[in-house]
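Novice: Residue numbers (the UniProt record's numbering), protein chains in the order written: chain A, 1 to 296; chain B, 1 to 296; chain C, 1 to 296.
Keep in mind that the hints were calculated from the coordinates and are not lab data. Just so we're clear, the structure is a prediction, and the values are computed from it rather than from any experiment. It is possible that some hints are incorrect.
Claimed, not checked - Estimated spans, in silico, between C-beta atoms of each pair:
#1 C:209 - A:225: 28 to 38 Å
#2 A:279 - B:258: 41 to 51 Å
#3 A:258 - C:52: 23 to 33 Å
#4 A:181 - B:213: 36 to 46 Å
#5 B:112 - C:266: 53 to 63 Å
#6 A:228 - B:209: 45 to 55 Å
#7 A:258 - B:273: 40 to 50 Å
#8 B:262 - A:225: 47 to 57 Å
#9 B:33 - C:210: 46 to 56 Å
#10 B:164 - A:73: 38 to 48 Å
#11 A:181 - B:76: 42 to 52 Å
#12 A:181 - B:259: 15 to 25 Å
#13 B:262 - C:294: 39 to 49 Å
Idealized CB from N, CA, C, for every residue including glycine.
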Amino acid sequence: PGVLPLCSRPQAWGRAARQPPGLLLAQRRAFSNNKIQVELDESSGVAMMKFKSPPVNSLSLDFLTEFCISLEKLENDRACRGVILTSAVPKVFSSGLDITEMCGKSTEHYAEFWRAVQETWLRLYSSNMVTVAAVNASPLDGSSPAGGCLIALSCDYRIMAENPKFSIGLNEAQLGIVAPFWFKDTFVNVVGHRVAERSLQLGSLHSVTEAHRIGLVDELVPEDKLKERAVAVMAEWLALPDHARQLTKTMMRKALLDRLVAHREEDIQNFISFISKESIQKSLRTYMEMLKKKKS
Amino acid sequence: PGVLPLCSRPQAWGRAARQPPGLLLAQRRAFSNNKIQVELDESSGVAMMKFKSPPVNSLSLDFLTEFCISLEKLENDRACRGVILTSAVPKVFSSGLDITEMCGKSTEHYAEFWRAVQETWLRLYSSNMVTVAAVNASPLDGSSPAGGCLIALSCDYRIMAENPKFSIGLNEAQLGIVAPFWFKDTFVNVVGHRVAERSLQLGSLHSVTEAHRIGLVDELVPEDKLKERAVAVMAEWLALPDHARQLTKTMMRKALLDRLVAHREEDIQNFISFISKESIQKSLRTYMEMLKKKKS
Amino acid sequence: PGVLPLCSRPQAWGRAARQPPGLLLAQRRAFSNNKIQVELDESSGVAMMKFKSPPVNSLSLDFLTEFCISLEKLENDRACRGVILTSAVPKVFSSGLDITEMCGKSTEHYAEFWRAVQETWLRLYSSNMVTVAAVNASPLDGSSPAGGCLIALSCDYRIMAENPKFSIGLNEAQLGIVAPFWFKDTFVNVVGHRVAERSLQLGSLHSVTEAHRIGLVDELVPEDKLKERAVAVMAEWLALPDHARQLTKTMMRKALLDRLVAHREEDIQNFISFISKESIQKSLRTYMEMLKKKKS
Numbered sequence: 001p002g003v004l005p006l007c008s009r010p011q012a013w014g015r016a017a018r019q020p021p022g023l024l025l026a027q028r029r030a031f032s033n034n035k036i037q038v039e040l041d042e043s044s045g046v047a048m049m050k051f052k053s054p055p056v057n058s059l060s061l062d063f064l065t066e067f068c069i070s071l072e073k074l075e076n077d078r079a080c081r082g083v084i085l086t087s088a089v090p091k092v093f094s095s096g097l098d099i100t101e102m103c104g105k106s107t108e109h110y111a112e113f114w115r116a117v118q119e120t121w122l123r124l125y126s127s128n129m130v131t132v133a134a135v136n137a138s139p140l141d142g143s144s145p146a147g148g149c150l151i152a153l154s155c156d157y158r159i160m161a162e163n164p165k166f167s168i169g170l171n172e173a174q175l176g177i178v179a180p181f182w183f184k185d186t187f188v189n190v191v192g193h194r195v196a197e198r199s200l201q202l203g204s205l206h207s208v209t210e211a212h213r214i215g216l217v218d219e220l221v222p223e224d225k226l227k228e229r230a231v232a233v234m235a236e237w238l239a240l241p242d243h244a245r246q247l248t249k250t251m252m253r254k255a256l257l258d259r260l261v262a263h264r265e266e267d268i269q270n271f272i273s274f275i276s277k278e279s280i281q282k283s284l285r286t287y288m289e290m291l292k293k294k295k296s
Numbered sequence: 001p002g003v004l005p006l007c008s009r010p011q012a013w014g015r016a017a018r019q020p021p022g023l024l025l026a027q028r029r030a031f032s033n034n035k036i037q038v039e040l041d042e043s044s045g046v047a048m049m050k051f052k053s054p055p056v057n058s059l060s061l062d063f064l065t066e067f068c069i070s071l072e073k074l075e076n077d078r079a080c081r082g083v084i085l086t087s088a089v090p091k092v093f094s095s096g097l098d099i100t101e102m103c104g105k106s107t108e109h110y111a112e113f114w115r116a117v118q119e120t121w122l123r124l125y126s127s128n129m130v131t132v133a134a135v136n137a138s139p140l141d142g143s144s145p146a147g148g149c150l151i152a153l154s155c156d157y158r159i160m161a162e163n164p165k166f167s168i169g170l171n172e173a174q175l176g177i178v179a180p181f182w183f184k185d186t187f188v189n190v191v192g193h194r195v196a197e198r199s200l201q202l203g204s205l206h207s208v209t210e211a212h213r214i215g216l217v218d219e220l221v222p223e224d225k226l227k228e229r230a231v232a233v234m235a236e237w238l239a240l241p242d243h244a245r246q247l248t249k250t251m252m253r254k255a256l257l258d259r260l261v262a263h264r265e266e267d268i269q270n271f272i273s274f275i276s277k278e279s280i281q282k283s284l285r286t287y288m289e290m291l292k293k294k295k296s
Numbered sequence: 001p002g003v004l005p006l007c008s009r010p011q012a013w014g015r016a017a018r019q020p021p022g023l024l025l026a027q028r029r030a031f032s033n034n035k036i037q038v039e040l041d042e043s044s045g046v047a048m049m050k051f052k053s054p055p056v057n058s059l060s061l062d063f064l065t066e067f068c069i070s071l072e073k074l075e076n077d078r079a080c081r082g083v084i085l086t087s088a089v090p091k092v093f094s095s096g097l098d099i100t101e102m103c104g105k106s107t108e109h110y111a112e113f114w115r116a117v118q119e120t121w122l123r124l125y126s127s128n129m130v131t132v133a134a135v136n137a138s139p140l141d142g143s144s145p146a147g148g149c150l151i152a153l154s155c156d157y158r159i160m161a162e163n164p165k166f167s168i169g170l171n172e173a174q175l176g177i178v179a180p181f182w183f184k185d186t187f188v189n190v191v192g193h194r195v196a197e198r199s200l201q202l203g204s205l206h207s208v209t210e211a212h213r214i215g216l217v218d219e220l221v222p223e224d225k226l227k228e229r230a231v232a233v234m235a236e237w238l239a240l241p242d243h244a245r246q247l248t249k250t251m252m253r254k255a256l257l258d259r260l261v262a263h264r265e266e267d268i269q270n271f272i273s274f275i276s277k278e279s280i281q282k283s284l285r286t287y288m289e290m291l292k293k294k295k296s
């Protein structure tokens with residue numbers, strides 16, 4: 001599947017220009033699939049996208065496919081200008097990439113899975129919509145590397161529930177695996193080189209306080225105010241005319257997006273040859289067994 | 001007009017090496033034109049350059065032309081080692097680019113204006129002199145995108161008067177227009193990628209406190225201490241030998257300067273085709289009418 | 001001499017995997033040369049490398065050669081996973097590059113010296129081991145530009161003794177000389193562009209408090225806790241599997257290392273032609289005389 005070309009959306013100058021005030025019928029539209037539930041408020045132009053794949057919103061191939069489809073639907077919907085990403089599962093945003101997709105499968109499966117991971121990031125990082133992550137928890141019992149953190153990093157703004165038990169980070173190194181270059185570049189863009197270098201080498205899961213201090217999340221709010229605050233932040237962003245904001249976002253992110261597009265197949269091959277190593281497979285199996293024991 | 005080649009100034013090793021102590025006659029020299037007033041203190045090697053184009057020091061084509069000429073004069077004057085940029089208009093540093101230059105004019109005019117904007121930045125960002133911005137206010141009633149902020153960003157050091165009513169930022173997005181890539185890169189160099197991305201997308205005008213927190217300005221001082229502090233900061237910078245400092249500055253800034261030099265004509269064409277769009281012209285006219293109403 | 005290829009070390013998955021618990025004999029091994037003393041604790045996999053070239057651990061050609069040899073020994077020793085760099089001279093980490101190597105010598109000598117400086121950085125910045133700098137002082141009476149700061153900047157983590165008399169920085173500009181591009185890039189990676197630009201132009205020596213605030217050092221501790229804390233930090237880093245951590249480090253640093261490797265001879269020629277200038281030689285002699293007077 002190809003990537004949505006940047007700025008492919010019809011030029012939008014704010015909802016007011018598109019929707020005459022007399023036409024405020026049918027203000028809410030909802031759609032959902034097995035793992036994701038979306039509700040679009042047409043009066044504000046804001047969609048709420050909730051991950052609902054219990055127990056921990058693992059980013060399986062199915063989940064990522066549905067995520068891309070939902071995102072594309074909104075991207076092509078002129079009534080939608082912004083999307084809030086959050087979770088319908090209490091205390092869990094997403095545990096990250098689903099390890100079972102990376103363990104004991106065929107080369108073809110690894111390729112398909114990794115292409116879906118790339119596609120998710122390409123669509124989200126290049127989205128013409130305003131994207132706000134409302135992180136209502138984190139990979140505490142994370143069954144995998146923190147793809148959930150990557151989703152948050154790819155949004156325009158990150159709000160996190162202020163719970164001392166929550167944490168967030170790209171913890172790949174803890175599993176003996178390595179984040180791809182575009183995870184790394186996205187991370188460096190958000191927290192800077194020094195912090196990214198240390199955090200990635202240590203596979204750090206940062207507490208909410210620390211995540212806020214290093215800029216990994218932009219704002220902390222009490223758990224019960226999370227969605228309310230996300231809606232308020234979204235309203236600030238939507239006060240701007242869409243077209244100039246979109247061109248500005250493209251200017252900031254295009255170099256990085258282009259780098260993955262140019263090296264996409266190579267990146268897939270790297271992933272396959274790394275993940276297929278017996279030492280890595282063993283390390284992932286050990287990690288999964290550890291998680292199973294923890295639960296029981 | 002061409003750009004001054006980097007490091008074209010005669011090698012200078014500090015005032016002491018050039019001016020025997022017995023020769024301290026005629027210590028102050030002044031020149032001025034319609035919009036800018038310059039006073040050079042030969043004993044310290046410091047020039048004070050004051051914008052005096054009321055009501056808001058709009059960066060018109062005339063202003064930018066005079067600014068470049070003044071800067072070039074100082075650049076070629078061996079008695080001048082540093083320049084402090086400030087305003088002679090109370091409570092206003094500069095309201096930024098003059099919108100009337102971008103509205104309802106010919107293609108040729110747009111080209112000439114944009115070339116002057118580029119030239120101003122190229123000269124200031126590459127200056128061999130120490131450049132300190134003493135921002136005595138900001139585009140509160142800003143009649144345009146914040147070229148005034150760009151001037152401050154292009155200096156070596158930024159001091160701002162601590163007035164809760166003042167603000168500073170690159171607010172292009174609020175007018176429906178987009179900052180060019182070299183505004184963006186200059187901004188990223190100062191505040192980092194995450195902050196720049198959000199600030200540019202929102203067209204934020206930051207309060208003085210926030211501007212200081214994000215590093216957009218280096219230091220806040222009470223309004224009545226602004227020039228005194230600028231002179232003290234300049235003295236610290238001039239305690240260093242010029243040549244090593246100049247080579248270091250070139251090393252830090254050359255990549256970015258080269259990028260605009262290489263894409264200068266393309267950047268002008270981009271500006272012309274963007275600004276000539278009827279939707280953009282309409283947006284600018286609306287903005288100007290809003291400003292007029294505000295004043296009356 | 002060539003550079004160690006990145007990741008040339010045999011794959012290591014932590015000490016546990018390589019050393020059966022029953023074999024804990026001969027836990028400590030030491031070696032030393034004229035200027036550097038190394039002690040490797042085989043039970044933890046951690047080497048303590050102490051500079052002992054009084055009075056100020058000047059980075060002479062001999063010192064740098066011995067430093068590279070010591071580093072290579074550890075790099076090739078499967079029992080060693082991390083190295084702590086510190087000084088055996090009280091209150092002095094390193095005064096930086098030895099000016100006498102740059103003054104009144106032959107072109108051949110300058111070339112040999114500069115190649116050794118490059119080699120030191122290439123080996124340290126690309127090390128597969130975890131590298132922690134325990135900065136027990138700084139170039140207070142620094143007889144030269146702060147190569148000592150560069151050594152700290154090239155480590156994975158920097159801890160500094162909290163003594164109000166200590167300072168740290170790249171003070172080249174104060175001597176009228178210019179840091180090479182790879183000093184600059186290493187510095188930018190740690191403190192960001194704005195801070196690096198100002199600090200390099202001013203040749204700033206930062207107090208410990210300021211060094212911590214700008215991120216030049218990661219942590220401050222009381223002088224008597226310095227090594228204890230370094231050992232504790234090292235243990236945190238060694239809790240991670242080596243292979244993923246090493247690949248991550250390579251991913252973060254490779255672009256910068258490659259840039260010097262590609263321009264190595266050019267960089268040597270630049271150094272020679274700059275340092276051979278009579279004005280620079282004079283400036284260095286003046287600086288050395290000032291230091292001599294200060295001492296007597």
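Novice: The structure should be examined with respect to each hint, and the outcome stated for every one.
Specialist: Cross-check of the supplied hints:
{"no.": "1", "hint": "C:209 - A:225: 28 to 38 Å", "result": "holds (36 Å)"}
{"no.": "2", "hint": "A:279 - B:258: 41 to 51 Å", "result": "holds (45 Å)"}
{"no.": "3", "hint": "A:258 - C:52: 23 to 33 Å", "result": "violated (51 Å)"}
{"no.": "4", "hint": "A:181 - B:213: 36 to 46 Å", "result": "violated (31 Å)"}
{"no.": "5", "hint": "B:112 - C:266: 53 to 63 Å", "result": "violated (40 Å)"}
{"no.": "6", "hint": "A:228 - B:209: 45 to 55 Å", "result": "violated (26 Å)"}
{"no.": "7", "hint": "A:258 - B:273: 40 to 50 Å", "result": "violated (22 Å)"}
{"no.": "8", "hint": "B:262 - A:225: 47 to 57 Å", "result": "holds (49 Å)"}
{"no.": "9", "hint": "B:33 - C:210: 46 to 56 Å", "result": "violated (41 Å)"}
{"no.": "10", "hint": "B:164 - A:73: 38 to 48 Å", "result": "holds (45 Å)"}
{"no.": "11", "hint": "A:181 - B:76: 42 to 52 Å", "result": "holds (46 Å)"}
{"no.": "12", "hint": "A:181 - B:259: 15 to 25 Å", "result": "holds (23 Å)"}
{"no.": "13", "hint": "B:262 - C:294: 39 to 49 Å", "result": "holds (48 Å)"}
In terms of the numbered hints stated before, the structure departs from hints 3, 4, 5, 6, 7, 9, listed from lowest to highest.
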